[in-house]
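Just need the whole structure built from these sequences, with the hints factored in.
Protein chains: 2
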Amino acid sequence: MKHRPTTATILTHNMCHNLEQVKKLSNHLPTWAVIKANAYGHTITAALEGFAKSEGIALLEIENAQLARSLGWEKKILMLEGAFFQSDYADYDELQCDFVIHQKEQMIWLSDYMKSLSSHKADMLVRRCEVWLKLNSGMNRLGFMPTEYLAAFDLLKNLGFRVHHLTHFANADVAGDADLSLTSCPKPRVQDQWKLFKETIQDLEGLISAANSAALLHHPYTHGDFTRPGIMLYGAAASGRFAEIASYGLKPTMRLQSKVIAIQNLQAGEHVGYGGRFIADQLSQIAVIACGYADGYPRHAPNGTPVWICANERMPAGRMAPIAGRVSMDMITIDITGLPVQVGDDVELWGEHLPIDDVASAAHTVGYELMCALSPRVKISITKE
Amino acid sequence: MKHRPTTATILTHNMCHNLEQVKKLSNHLPTWAVIKANAYGHTITAALEGFAKSEGIALLEIENAQLARSLGWEKKILMLEGAFFQSDYADYDELQCDFVIHQKEQMIWLSDYMKSLSSHKADMLVRRCEVWLKLNSGMNRLGFMPTEYLAAFDLLKNLGFRVHHLTHFANADVAGDADLSLTSCPKPRVQDQWKLFKETIQDLEGLISAANSAALLHHPYTHGDFTRPGIMLYGAAASGRFAEIASYGLKPTMRLQSKVIAIQNLQAGEHVGYGGRFIADQLSQIAVIACGYADGYPRHAPNGTPVWICANERMPAGRMAPIAGRVSMDMITIDITGLPVQVGDDVELWGEHLPIDDVASAAHTVGYELMCALSPRVKISITKE
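First to last, the sequence lines map onto chains U and V. Everything in the first sequence is counted per the working numbering, starting at 204 for the first residue and increasing by one. Everything in the second sequence is counted per the working numbering, starting at 204 for the first residue and increasing by one.
In short, the hints are calculated from the structure, not lab data. Hints may be right or wrong, so weigh each one.
One copy or two, either will do: identical chains are not told apart, so a pair holds if it fits within one copy or between any two.
To be verified - Here are the simulated DSS-like cross-link-like pairs (lysine-lysine), alpha carbons at most 30 Å apart as the crow flies: (1) Lys398 <-> Lys307; (2) Lys205 <-> Lys278; (3) Lys205 <-> Lys582; (4) Lys205 <-> Lys279; (5) Lys279 <-> Lys401; (6) Lys205 <-> Lys324.
The structure presented is a predicted model; accordingly, all values stated were derived computationally and were not measured.
Rendered as structure tokens:
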């Protein structure tokens, strides 16, 4: 029984390569390879292979932490949002995960959990699991206020934990210090967040993790002790603009492919698809591809969004063709006027020939969203070469 | 081990109810309940329960046709896009599926497949599987041109099949015949597609299936012999505008829920989230919800997109609150200034209190996309009440 011809290939050798680039850029600091959201759609299996040389993995789904352990991952795991329920601590304990504490209830749950343990078991816990205390340095999403931070730190130390320091930047994709001086720079600025973070933790022991992909690339003073790359490990840009990362030698890690399943011949003036959004301005040919928004292709993609027609004996170099008509649930239509395309031809929706960022930009989103949106009905295969 | 508190509940009683509404609107014609894309994210299991009274189900993933048979579905199945590969016909034969033929290669594959069968087995096939021949009546996506249609019909009849007629409308969500006379009506118009379809098949025997949800609601002359409702079975509008269907008594079939996992207090002038898109204009409170675009929530949702805070002892009537700041991969931030919200409170992202269409409209998309985008990390439960 064959699936629809809509398939994703995960390129673990490129994941390895991207991790190496991270290491080079950050003076070989330890990394938390971020593999939340099923490794941004790449699967945990592929991530453990691609990021085998990372010192740690970071995620937020306890079931995937369990999966990683069951697949043999013995190095560090960081639960990026910490506990959602008090019972999560028993799982962290068993799976030997470091975890974030970002708000008071999580400390109360932890305190209560420790009271339920024998002193021997409580000793085990604080040896097995380290705490990463999160500061809200201005993003106003997760983390303690600077005024609350020291008390939280002391409480966790008193429980016996090793406590480290973590924060997250809101605008690290605004590249370079020159940009940062612009009044048009969105707030809060990296340099302001960093200053507040450093001031808050200045007298406290513990390691620092602050640099996401964009900070890793553009703000080296934030690298700290443990970098936290996500999107760049998957060969895409935090900003969604491929140009931002083109010079860093990152490689694509996901190829989404499908096939041409039909071809239509149009007269000038004829329309294509829902809403009739594309109108042929001449005798035209339209190819229909078996991939739509229910596969994870962005419905917002406008006419002109590129699709790569793979090399074949009729087109030995391959060719780009533009989307023509609204993306449907299960299909995309592209303008192939004048090209020798046939039913059954392979196309690449993103991958080595077409950066995922280019598709994302066209659809006014970021590569993250496209990777994560890959649907379960897309058959995934993992390859090392 | 507990999952993140991001869960979807599938309301099969409302799926039943919506099917009943379809039946009432269409004079109790037989229906193909469209359950492609994992029943628009609702699961095949829920669909077979919710649409148990449908005469048939229609989809395009052969593995889900197999699943439906293995779950005990004995009535008709229609493969909406027909064969992607020649080998699909053996599966249709085994699973006893009707199938669409929309282009020539599919006929060649079918012809070749039948030649590989004994005459007894070929006889069995044409008794078990009926063909739905698809006309391209102007949408220019799938289907034969009117000039090719008769030859295709004859060829399939000569193979021994019962052959029926199918087409698809590009603009059926433009409501009412009044609208259709407007020059601003997108092309092709339902009435023009219908006329061409009827003219093409006028001398041919076979049943007719043409009406998708929007045609079912707005263009009753297209109902034919077998309606083909999709989105309305799931309580949403083809256009993405809930007002379009508000008067038809359709009910929501999916509730997406999560919890507040943090609360931040902001000074006037402070920013929230990536890009600092929300700026507090007064002392404000922001609640962080464990749901983001990697769960299937639309990243395009702007500030102001509604989120429902479920009733609790502090807010017995529940309350709507607006999104404040960009949707992140795993989190949404909402403005709860002045509301007695606490960490752990339940929220509904869409469902009975908040039509999925309202969220879709805010994000410039349609409910279809949101349902289909529901991610595997969202825990789904199915309920009958």
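Comparing the hints with the structure gives:
no., hint, verdict
1, Lys398 <-> Lys307, "within (24 Å within a copy, 66 Å between copies)"
2, Lys205 <-> Lys278, "between (38 Å within a copy, 23 Å between copies)"
3, Lys205 <-> Lys582, "both (10 Å within a copy, 27 Å between copies)"
4, Lys205 <-> Lys279, "between (39 Å within a copy, 21 Å between copies)"
5, Lys279 <-> Lys401, "within (25 Å within a copy, 66 Å between copies)"
6, Lys205 <-> Lys324, "between (51 Å within a copy, 22 Å between copies)"
Checked against the numbered hints given earlier, the structure satisfies every one of them.
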